[in-house]
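First to last, the protein sequences are chains A and B. Counted the way this note's numbering counts, the first sequence spans residues 1 to 306. Counted the way this note's numbering counts, the second sequence spans residues 1 to 327.
Everything labelled a hint here was simulated from the structure, so no lab data went into it. The C-beta atom is built at its ideal place from N, Cα and C for all residues, glycine as well. There may be inaccurate statements among the hints.
As the list claims (entries may be wrong) - Over 10 Å on every C-beta distance to chain A, these chain B residues come out as not near it, computed from the model:
| # | residue |
| --- | --- |
| 1 | Ile16 |
| 2 | Thr32 |
| 3 | Leu111 |
| 4 | Arg122 |
| 5 | Gly125 |
| 6 | Ala134 |
| 7 | Ile144 |
| 8 | Gly215 |
| 9 | Ile216 |
| 10 | Gly258 |
| 11 | Gln297 |
| 12 | Gly301 |
As the list claims (entries may be wrong) - Stretches of chain A that chain B covers, calculated by requiring three or more beta carbons in the stretch to come under 8 Å of a beta carbon on chain B:
| # | stretch |
| --- | --- |
| 13 | 41-53 |
| 14 | 291-297 |
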Amino acid sequence: MSALLLIEQILNGLQSGVMLFLMAAGLTLVFGVMGLINLAHGSLYMVGAFAAAGAAAATGSFVVALVAALAAAAAAGALIEMLVIRRLYERDHLDQVLATFALILILSEGTRWLFGSFPLYLDVPDWLSGSVTLPGGIQYPLYRLAIIVVGLAVAAGLFGLISRTRLGIRIRAGEADREMIAALGVDISKLYTMVFALGAALAGLAGALVGAIQSVQVGMGEPVLILAFVVIVIGGIGSIKGAFIGALLVGLTETLGGVLLPQLFGLFMDPSAATTVGASLASMAIYILMAVVLIWRPSGLFGVRA
Amino acid sequence: MNRETIINLLIALGLIAVPLWAIWADEPFIITLATKVAILALAGVGLNIALGLGGLVSFGHAAFFGIGGYAMGILASHAQNYTPMMEWPLLIEGTKSMPVIWLVAVLASALAALLIGVLSLRTSGVYFIMITLAFGQMLYYFAISWPAYGGEDGLSIYVRNGFPGLNTLDPAQFLALCYAVLFVVLFLSSRLAKSAFGLALSGARQNEDRLRTVGIEPFRLRLVAFVISGAVTGLAGALYADLNRFVSPTMFSWHMSGEIMVFVILGGVARLFGPVAGAALFIVMEHLLGGISEYWQVFLGLTLLGVVLFARGGLIGTLAGRKVTHD
Numbered sequence: 001m002s003a004l005l006l007i008e009q010i011l012n013g014l015q016s017g018v019m020l021f022l023m024a025a026g027l028t029l030v031f032g033v034m035g036l037i038n039l040a041h042g043s044l045y046m047v048g049a050f051a052a053a054g055a056a057a058a059t060g061s062f063v064v065a066l067v068a069a070l071a072a073a074a075a076a077g078a079l080i081e082m083l084v085i086r087r088l089y090e091r092d093h094l095d096q097v098l099a100t101f102a103l104i105l106i107l108s109e110g111t112r113w114l115f116g117s118f119p120l121y122l123d124v125p126d127w128l129s130g131s132v133t134l135p136g137g138i139q140y141p142l143y144r145l146a147i148i149v150v151g152l153a154v155a156a157g158l159f160g161l162i163s164r165t166r167l168g169i170r171i172r173a174g175e176a177d178r179e180m181i182a183a184l185g186v187d188i189s190k191l192y193t194m195v196f197a198l199g200a201a202l203a204g205l206a207g208a209l210v211g212a213i214q215s216v217q218v219g220m221g222e223p224v225l226i227l228a229f230v231v232i233v234i235g236g237i238g239s240i241k242g243a244f245i246g247a248l249l250v251g252l253t254e255t256l257g258g259v260l261l262p263q264l265f266g267l268f269m270d271p272s273a274a275t276t277v278g279a280s281l282a283s284m285a286i287y288i289l290m291a292v293v294l295i296w297r298p299s300g301l302f303g304v305r306a
Numbered sequence: 001m002n003r004e005t006i007i008n009l010l011i012a013l014g015l016i017a018v019p020l021w022a023i024w025a026d027e028p029f030i031i032t033l034a035t036k037v038a039i040l041a042l043a044g045v046g047l048n049i050a051l052g053l054g055g056l057v058s059f060g061h062a063a064f065f066g067i068g069g070y071a072m073g074i075l076a077s078h079a080q081n082y083t084p085m086m087e088w089p090l091l092i093e094g095t096k097s098m099p100v101i102w103l104v105a106v107l108a109s110a111l112a113a114l115l116i117g118v119l120s121l122r123t124s125g126v127y128f129i130m131i132t133l134a135f136g137q138m139l140y141y142f143a144i145s146w147p148a149y150g151g152e153d154g155l156s157i158y159v160r161n162g163f164p165g166l167n168t169l170d171p172a173q174f175l176a177l178c179y180a181v182l183f184v185v186l187f188l189s190s191r192l193a194k195s196a197f198g199l200a201l202s203g204a205r206q207n208e209d210r211l212r213t214v215g216i217e218p219f220r221l222r223l224v225a226f227v228i229s230g231a232v233t234g235l236a237g238a239l240y241a242d243l244n245r246f247v248s249p250t251m252f253s254w255h256m257s258g259e260i261m262v263f264v265i266l267g268g269v270a271r272l273f274g275p276v277a278g279a280a281l282f283i284v285m286e287h288l289l290g291g292i293s294e295y296w297q298v299f300l301g302l303t304l305l306g307v308v309l310f311a312r313g314g315l316i317g318t319l320a321g322r323k324v325t326h327d
């Protein structure tokens with residue numbers, strides 16, 4: 001395999017990693033601050049993608065589509081938090097899993113009701129289509145490169161928000177001791193709604209950005225949700241840094257595994273068998289990665305021991 | 001007799017009365033639905049051993065359900081194609097005999113539960129939920145990408161497997177067989193809950209430290225419970241595959257894990273007949289709502305949400321009142 005192809009695959013892995021980070025960041029924040037497992041996070045990703053596709057079809061502007069995705073996902077998140085999620089904070093994980101599983105059914109079928117079963121398409125805008133030549137002569141799609149840049153910028157912004165702003169201080173304080181910050185006069189339920197809406201907006205953004213590469217359809221959030229869970233479990237639940245490292249690890253493992261493993265097996269097996277075994281193992285690779293990490297560190301890479 | 005026992009008896013009676021009526025009225029579809037209820041309830045009874053008794057929230061029981069299903073699919077497909085499964089070092093042929101298939105399904109899913117349990121039980125809480133989910137997905141993707149047994153398309157078995165002395169092609173006889181298995185497993189599971197092992201397992205759920213203080217290591221108890229739980233769900237998987245005469249990777253999907261969990265919670269966690277009531281309610285809702293609207297899952301979701309938020313303890317919990325526990 002040539003070095004050029006390898007670099008291209010690494011960039012693809014990076015691109016899927018930063019998108020996973022946008023999903024995982026919301027999940028891990030909601031878990032860290034509110035102690036809630038939200039299976040419906042993938043539905044917010046879907047909501048973002050559908051809002052973007054709808055807005056793009058109506059206005060033709062990709063920027064408007066992204067804004068619509070952020071707004072729709074944040075609004076849906078805030079609404080869901082106020083109507084349902086709020087009642088689940090004091091419940092055990094089993095109730096949370098079931099209630100958010102029910103939310104998935106409602107949101108997925110509701111979207112199918114509204115938009116139909118056919119996938120929608122969100123086009124990459126003209127100013128981001130085509131490819132660029134990177135140093136070393138690698139041709140790489142501009143849009144994917146833009147996604148990596150946007151993802152990294154959002155990640156940097158999120159780190160800044162958590163570590164430098166007043167909202168960030170409150171979020172961290174909420175993770176540490178929720179009674180104490182309530183006693184200090186912070187409106188905790190408003191804070192929770194904001195954190196949930198923030199996580200939802202990030203998921204919606206990811207949905208819209210990825211929606212332009214893949215098709216926008218019902219159920220698109222579920223595979224990503226499972227991957228995002230793998231990410232936060234590897235990184236340590238509640239840790240943004242862990243989510244970032246975990247997302248890149250999972251993105252790279254998935255992409256590179258799919259390319260490299262069949263070739264690796266090809267060295268000592270006949271080609272068709274190697275493709276089969278390699279592809280099977282590649283699709284299992286991230287789960288094997290997760291199992292290995294958890295055996296080594298049961299609370300994830302950056303997790304605090306409960 | 002307390003209220004829960006009366007409710008259990010009523011459920012058992014209803015479970016038998018409905019298909020009897022269906023046979024009398026010649027409604028084969030109802031018989032198939034009842035068979036589906038019995039099999040899915042069996043899967044739920046399996047999960048309930050880990051979830052209700054042991055407090056182990058496994059979100060990956062589809063793994064065992066799928067392994068049971070594929071045990072049936074693989075054995076029966078070799079038998080129907082007259083190809084041996086293995087020729088060397090010893091000749092292993094496929095089979096169309098249910099008892100053999102069940103044995104293989106139970107052993108294979110117990111073995112998988114042992115491996116998954118050893119790794120997963122090192123963690124607890126959310127991590128346990130996630131890691132069991134991940135193992136389920138791992139098998140799901142494996143089943144999709146492994147072409148030898150149908151890959152994404154799954155495997156069709158043309159004729160239902162046989163059981164000595166019965167004509168399993170007759171829906172009523174197959175139903176009776178599934179009922180028999182369900183009731184035997186329900187009986188065993190009620191014995192298990194009352195045994196020393198079951199009490200210790202309950203203790204591990206309620207207070208791990210106290211259990212350690214009296215000299216019992218929770219890990220082993222949980223592992224054994226997880227293995228039994230997986231084996232029962234695996235058996236249900238084999239029966240489900242036989243009901244549909246078809247296995248596909250969707251048996252491994254996390255939606256399946258979620259549904260098995262829904263049966264347990266809808267009926268009532270840790271209640272003996274919880275999964276039976278839950279599975280029956282689920283199938284009836286699926287059938288009725290499915291007739292009203294193509295988008296019945298919206299209403300299913302709303303019902304589930306209502307149960308979680310307002311009817312804690314599920315159907316049996318709501319009807320029979322709170323369980324007295326000694327925490």
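Evaluation of the provided hints:
At roughly 29 Å from the closest C-beta of chain A, the C-beta of Ile16/B stays outside 10 Å, upholding its exclusion from the interface. Listed as outside the interface, Thr32/B is consistent with that label: its C-beta sits roughly 24 Å from the nearest C-beta of chain A, beyond the 10 Å cut-off. For Leu111/B, the requirement that its beta carbon stay farther than 10 Å from each beta carbon of chain A is met, with the minimum near 17 Å. A Cβ of chain A approaches the Cβ of Arg122/B within 10 Å, the least distance being about 5 Å, so the stated non-interface status is violated.
The claim that Gly125/B is not at the interface with chain A is violated, since a C-beta of that chain comes within 10 Å of its own (minimum 7 Å). Not every beta carbon of chain A lies more than 10 Å from that of Ala134/B, the smallest distance being close to 5 Å; the non-interface claim is violated. With a least beta-carbon separation of about 7 Å from chain A, Ile144/B fails to lie farther than 10 Å from that chain, contradicting its non-interface assignment. Interface exclusion of Gly215/B from chain A stands, the closest Cβ pair being 24 Å apart, more than 10 Å.
Once the 10 Å rule is applied to beta carbons, Ile216/B is consistent with being away from chain A; the minimum gap is 21 Å. Separation of Gly258/B from chain A is inadequate, the least Cβ-Cβ distance of about 5 Å not exceeding the 10 Å criterion. Consistency note on Gln297/B: stated as away from chain A, yet its beta-carbon is not over 10 Å from all of that chain's, at 4 Å minimum. Here Gly301/B does not stay apart from chain A, with its beta-carbon only about 3 Å from theirs, under the 10 Å limit.
Residues of the stretch 41-53 of chain A with a Cβ under 8 Å from some Cβ of chain B number 0, which does not satisfy the need for three, so the listed coverage is violated. With a threshold of 8 Å between beta carbons, the proposed coverage of the stretch 291-297 of chain A by chain B holds, since 3 of its residues qualify and at least three are required.
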